[in-house]
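Go ahead and model the full structure; you've got the sequences and the hints to work with.
There are 2 protein chains.
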Amino acid sequence: MYGEIITIGNELSSGRTLDLNSWYAAGRLTASGLKVTRITSVGDDHKMVSDALKRAVEASRFVIVTGGLGSTDDDITNEIVAQALNRPLCLDQQMLDQIEDHARVRRIKITSSLEKMAWMPQGSRMLNPEGTACGFSLIEKEVHLYFLPGVPDQMRYLMDKIVLPEILSHYKTLPIMRQRILKLYGLNEPGIAEIFKKIQGKTGNIVFGFYPRFPENHITISLRGQDEPTVTKELDRVEREVRRLVGSYIFAAGDQNMEEVVGHLLLEKNLSLSVAESCTGGLIGHRLTSVPGSSSYFHGGVVVYSNQSKIDLLRVDPRTLETHGAVSEKTVEEMARGVKDRIKTDLGLAVTGIAGPDGGTRQKPVGTVHVGLAAQDKVFSREYRFWGNRVQVKLNSSMMALDWVRRYINGNPFLSGI
Amino acid sequence: MYGEIITIGNELSSGRTLDLNSWYAAGRLTASGLKVTRITSVGDDHKMVSDALKRAVEASRFVIVTGGLGSTDDDITNEIVAQALNRPLCLDQQMLDQIEDHARVRRIKITSSLEKMAWMPQGSRMLNPEGTACGFSLIEKEVHLYFLPGVPDQMRYLMDKIVLPEILSHYKTLPIMRQRILKLYGLNEPGIAEIFKKIQGKTGNIVFGFYPRFPENHITISLRGQDEPTVTKELDRVEREVRRLVGSYIFAAGDQNMEEVVGHLLLEKNLSLSVAESCTGGLIGHRLTSVPGSSSYFHGGVVVYSNQSKIDLLRVDPRTLETHGAVSEKTVEEMARGVKDRIKTDLGLAVTGIAGPDGGTRQKPVGTVHVGLAAQDKVFSREYRFWGNRVQVKLNSSMMALDWVRRYINGNPFLSGI
Chain A
1 MYGEIITIGN
11 ELSSGRTLDL
21 NSWYAAGRLT
31 ASGLKVTRIT
41 SVGDDHKMVS
51 DALKRAVEAS
61 RFVIVTGGLG
71 STDDDITNEI
81 VAQALNRPLC
91 LDQQMLDQIE
101 DHARVRRIKI
111 TSSLEKMAWM
121 PQGSRMLNPE
131 GTACGFSLIE
141 KEVHLYFLPG
151 VPDQMRYLMD
161 KIVLPEILSH
171 YKTLPIMRQR
181 ILKLYGLNEP
191 GIAEIFKKIQ
201 GKTGNIVFGF
211 YPRFPENHIT
221 ISLRGQDEPT
231 VTKELDRVER
241 EVRRLVGSYI
251 FAAGDQNMEE
261 VVGHLLLEKN
271 LSLSVAESCT
281 GGLIGHRLTS
291 VPGSSSYFHG
301 GVVVYSNQSK
311 IDLLRVDPRT
321 LETHGAVSEK
331 TVEEMARGVK
341 DRIKTDLGLA
351 VTGIAGPDGG
361 TRQKPVGTVH
371 VGLAAQDKVF
381 SREYRFWGNR
391 VQVKLNSSMM
401 ALDWVRRYIN
411 GNPFLSGI
Chain B
1 MYGEIITIGN
11 ELSSGRTLDL
21 NSWYAAGRLT
31 ASGLKVTRIT
41 SVGDDHKMVS
51 DALKRAVEAS
61 RFVIVTGGLG
71 STDDDITNEI
81 VAQALNRPLC
91 LDQQMLDQIE
101 DHARVRRIKI
111 TSSLEKMAWM
121 PQGSRMLNPE
131 GTACGFSLIE
141 KEVHLYFLPG
151 VPDQMRYLMD
161 KIVLPEILSH
171 YKTLPIMRQR
181 ILKLYGLNEP
191 GIAEIFKKIQ
201 GKTGNIVFGF
211 YPRFPENHIT
221 ISLRGQDEPT
231 VTKELDRVER
241 EVRRLVGSYI
251 FAAGDQNMEE
261 VVGHLLLEKN
271 LSLSVAESCT
281 GGLIGHRLTS
291 VPGSSSYFHG
301 GVVVYSNQSK
311 IDLLRVDPRT
321 LETHGAVSEK
331 TVEEMARGVK
341 DRIKTDLGLA
351 VTGIAGPDGG
361 TRQKPVGTVH
371 VGLAAQDKVF
381 SREYRFWGNR
391 VQVKLNSSMM
401 ALDWVRRYIN
411 GNPFLSGI
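Respectively, the protein sequence lines represent chains A and B.
End of the first sequence sits at 418 in this note's numbering; the numbers just go up one at a time, nothing left out.
End of the second sequence sits at 418 in this note's numbering; the numbers just go up one at a time, nothing left out.
Just so you know, the hints here were simulated from the structure itself, not pulled from any lab data.
There's no promise every hint is true.
In this list, chains with the same sequence are indistinguishable; a pair is considered to hold if it fits within one copy or across any two.
[Said to hold, decoys possible] DSS-like mimics (lysine-lysine), calculated; alpha carbons at most 30 Å apart, straight line: (1) 116 - 197; (2) 378 - 330; (3) 233 - 161; (4) 109 - 54; (5) 35 - 47.
This one's a predicted model, so the numbers in the text were calculated from it and none came from an experiment.
So this is what it looks like as structure tokens:
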């Protein structure tokens, strides 16, 4: 059940491209109960690739290799495999046919560099013979090697569709591993450490993980076991315990994100939302509209960066701006009410603040942000002080604003600070 | 001048966390003319870390190691280095003092786990003795090893401030390597391949790189040489040649992004901008306001997701919506004019389209997007068909819209399609 990942390409070893393939493969393998012991990235270099392959074959049960399968000169994986594992390149007729079909459809001339892709190390087997995403596998000293293209979409497709099921089929007696991910917002590291302390001793073989993902904090609850029902029951019990302690901070579980959760709640309660953004500049609207189907609850918003636009678009009282300033409780309340009335929605959400790096004062330093929410005939508002650079302040502000909608609908109190 | 990078942590080998540290380090080293031959990620495992270290010392001139320097139980780098390189742990008094000072200020009790951090492998030297970001270096068989914390901010700080200058100081005779990055939008892969063909034979030792970064395409022009003036002159010559061929597609160079370029142009021409967004949902405003100082040219925007909000906020004619539809040339033109008039800016930029996955028809499939720009008494508009999922259509639409502002100010024609 131990394996490793090798990614090939000068763009990786030179830091020009982020290695998303190894990250994806490792995540998928881990989630399936397998263990990745090592990830190696090397450039398009014969010796380095060859070394990495040989070492992997000696130390692992399975090896995932990505990159270097294409038709250009720097695609050298096939040749290296042939040399390193002493398997001469043979013409794979099925692969050649496929390349020729592909070229015919696209009206591309068959060249020697395209044909090169059909020469594969002896004993290798094409993955996905029908599809256009190509790769191959071979078995060397009982180690299963999978060679996948470096193009992320194709790599992910083959990984999920073919490689992962095949690897898992070799490990029928594998203990299952199940993991829950809980996403928290507003509870800091020491606060989360406290939870772990409180449930210590009640958790058996459960393994906890803590992963800050600014401005969120994720915790994982993992358990290995021989049968699904027992593992599930135990995870349920511990998850309930965690939720009992800090339930209101948990905004999502698994793959969900904040905007999906908020969208789901709005749909469920049949509520419509509009947004007035100052320092976030459109980020809240962008996040909300990243969810398919968001048009049924998100009706629109305004980005009021200047004072004049706050007056013109939201009918904020000029005297309010003069007396209290653009970043104030009073202004954010008028913004929330203004956008709710103008766009005629059930809820009006507003944010105004100082994202920096300039514009801060002693009274209102960079990071001072007001959030407001108008609902029915009430309007709520609160001041926050966020830490960080411009991007971080914007991100935290959008997160807090969306969290307000979530907490309002769930009947939880708004956060007093983070 | 060859080195490698080792990153340590279960969160990396399990695919829970993207390995941004190795990416950053590799990028910085490469940009300085050094070569990274291998990047290895291993979990918090004695044997794997030890193996990786020993191999690196045998094969490289310098090694950057990140992670495992903290105070918790899974921070095991110091111990492993001690064992693997046979250098017993010694108490570093300076480090201990610093930890104690730090604890005093923060009113934390000194524990054995905090003290652990002050026990360092014999012969190691603290990096950054005054700062709070800690790390150490040592020399083993003439190989320089640098151990940095896994926290990205601290790692980057030490990398740029201390490690990189120190490594470079050991290689005074290093041939310099200089690279230009040109960022293109709207020219696809075959189009870019054509440029490379056209300038072939005129480029000497120049190395070209091509990096698709959806929806952008980046090309790099690199050259190694012994003296700065010659390298610069040669790069200048080739860059001029590339710009002569496809200048208008190049929207930025180096680290700049589209929103910075657009902001810079608006500032330079003293023009103000407002934005009316439908399918992009706020993304254009978010991008514009990610640039510090953007409030001096970006005055605000509206996100008009519903038809009613297009009428209410932008005074789009209801008959236009009825006759031509929300996604049409006529609507986007009224949106652009509407936002320009309402927010009283020099330019009004508008986007309306179908981001999907639903809402497409045969006439207007998912990906149909109209961009409009109102300037003085003129208004321009054009239809595009973008390919991809919801996120990609939003991204491409925001990019195209911003590119319109850039092209308008530069006097270049708008793109007819991509």
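Right, here's what the structure says about each hint:
Only between protomers do residue 116 and residue 197 lie at most 30 Å apart by alpha-carbon distance; the minimum there is 22 Å, versus 59 Å within a single protomer. In this assembly of identical chains, the alpha carbons of residue 378 and residue 330 lie at most 30 Å apart only when taken from the same copy (13 Å versus 39 Å across copies). For the identical chains of this complex, residue 233 and residue 161 are intra-copy neighbours only, at 29 Å inside a copy versus 51 Å across copies, given an alpha-carbon limit of 30 Å. In the homo-oligomer, the alpha carbons of residue 109 and residue 54 never lie at most 30 Å apart, since the shortest distance is 36 Å inside one protomer and 49 Å across protomers.
For the homomeric pair residue 35 and residue 47, the shortest alpha-carbon distances inside one copy (27 Å) and between copies (15 Å) are both at most 30 Å.
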